[in-house]
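Enquirer: Kindly produce the complete structure, drawing on both the sequences and the hints.
Note that full-length UniProt numbering numbers the sequence shown so that position 204 is 204, with each residue one more than the last.
Take every hint as true, because none was put in to throw you off.
Distance condition first, Cα-Cα at most 25 Å in a straight line; then the derived DMTMM-like pairs of lysine to aspartate or glutamate:
{"no.": "1", "residue 1": "LYS82", "residue 2": "GLU110"}
{"no.": "2", "residue 1": "LYS31", "residue 2": "GLU298"}
{"no.": "3", "residue 1": "LYS270", "residue 2": "GLU336"}
Cβ-Cβ distance ranges computed for the label pairs, FRET-style:
{"no.": "4", "residue 1": "HIS432", "residue 2": "ASN405", "range": "20 to 28 Å"}
{"no.": "5", "residue 1": "ASP54", "residue 2": "TYR482", "range": "25 to 33 Å"}
{"no.": "6", "residue 1": "THR138", "residue 2": "ASN95", "range": "55 to 63 Å"}
Derived from the structure by calculation, the hints contain no laboratory data.
The beta carbon of each residue, even a glycine, is placed where N, CA and C say it ideally should be.
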Amino acid sequence: MASIPKEYELPVYLFHSGKNAEAYRFLGAHKLKNGRHVFRVWAPHAIAVSVCGDFNNWNENEAPMKRINKEGLWETEIDGVKQYDCYKYAITTQNGRVLMKADPYAFHSETRPGTASKVYAPGGFEWTDGAWMSRRKTQDILKQPVNIYEIHFGSWKLHEDGSFYSYREMAAALVPYVQQMGYTHIEMMPILEHPFDGSWGYQVTGYFAPTSRYGTPDDLMYFINACHNAGIGVILDWVPAHFPKDAHGLYEFDGQCLYEYQDLRKGEHKEWGTRVFDYGKEEVRSFLISSAVYWLREFHFDGLRVDAVASMLYLDYGRQDGDWVRNKYGGNENLEAVDFLRELNTAVFREVDNPMMIAEESTAWPMITMPPDVGGLGFNFKWNMGWMNDMLRYTALDPFFRKDNHSCITFSFFYAFSENFILPISHDEVVHGKRSLIDKMPGDYDMKFDGARLFLAYMMAHPGKKLLFMGSEFGQFKEWDYESGLDWLLLDYEKHKRLQDFSKALNRFYKETPALWQNDYSWEGFQWISSDDNANSVIAFRRIASDKKEMIAVFNFTPVEHADYRIGVPEAGTYKVVFDTSLKKYGGKKARLSGTYKSRKKPMHGCDQSIALHLGGLSAVYLEKIK
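Expert: Here is the structure:
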């Protein structure tokens, strides 16, 4: 066994302690000052390991590696290695099999169906987003407008021949579109290397490699740089919950369970056909934490949406009785995963300036967005799946039956400030027979568009940051299909173009109105006016900025028009409608805004003053006091 040089002692110690947040700087393939390349891999159960690739004609005997410590790190140096050379590790297992494995720490990979890693030296891209990164350091993202446009990179738009847009082509096409539409962030469904298009990127084999389907790592940096220079943040969908069983990947990497739990009652998601990371293993923690830090630090991503957190937290997630084992206290919590998530978030917030760490967590696990030192998991955002489920169920109802389901539009407010929520209408809600957002709306063609505008306006006024899946902004009717581009031809039809114009106007209004985002996570930013008019399916509430400026939002969830709908207002004065979803220019019937309403000393909703509104059917209005 070779000895470890002194300069390696610290990164090696930290790696085996689960504390190396930049293990990618040590493991994998790296060019040395002498022009040679060093390759390092962790394979403790291996009998022998060698590197084979383009540089040695894939000869398994040409470049044997030396084991450098008892914990199973292997290393070798090779001459004549070039940028983009393909390679794999030939790993001899204890039963004599030879496995050809991609490098877990590779920065670049072959394009599928190829599965080899590629030699790639990061660090050559010249960033010009310094102003954006400086602003991010000092901004409190909780008090900023956040309106996220979620995309699947390979199906937002395709070339006429069906080929993908590259990272650089998307910088030229997507970035101006998102900027024009007024979204604040793009969230990218996983673009980490994955072999199967149909997994949508959620079955990852390359945790440090952006998929080569769309270009090189530098090309992805170019895209993010363009986003930042256009004033758009970028969030990466990141997947630490599972990985696939592809032979070249992490699965039984050195002939035995290494990255995954050995006990299948913990180590397998049968419904997904994937394995589960062993969150109690220190080297696995270093691997995953390093991956998170890598994307945030090296690619300037502004945040990570952490996929399937619930599947990590619960030992019985997706499993039948008898198919899971209780923890040492007799519960169903995966204590190792809980500890890992706390360590992950602690490390990320220590290593990176003001990132967004977003948990996709679908249960009532407490304190997701509280710091670890008080018992929380340490995220700063959580998807509000309860709001999403309630609203989509309510939206699908015939308006006649909505009065009996009024709690669907009110219940979320009672827990709205228990976590730092994001309101998601994501890709998961527009596939597998769930129908697109606009097609969920009941009624005829026109009524669907009325319902879509009302839904988006309600979402924008509700406390919490926002996320909308691509195509919903202009009324994509068919379900999302990862193999097809969005139906951009729909914009040739008036209703779809006007819905897009509405989305643009609503996004702009949101960003320009601090009352709608400045106090998203405090009762100081919200107050009910009317929550109990289930007979009419109408609700009204106040959103309040830090300077006490207010926006009153009123929503009518039936097609019934009200000529004089009275609501209480907090002060005597004149109130002006500043936004109305039923205007003709958005696809509605009203020619212009309703104008102003002077309050009367007529008690209503606990207020001394009230106004009588003209409220269109299936519509929302926002009002502000002007004098």
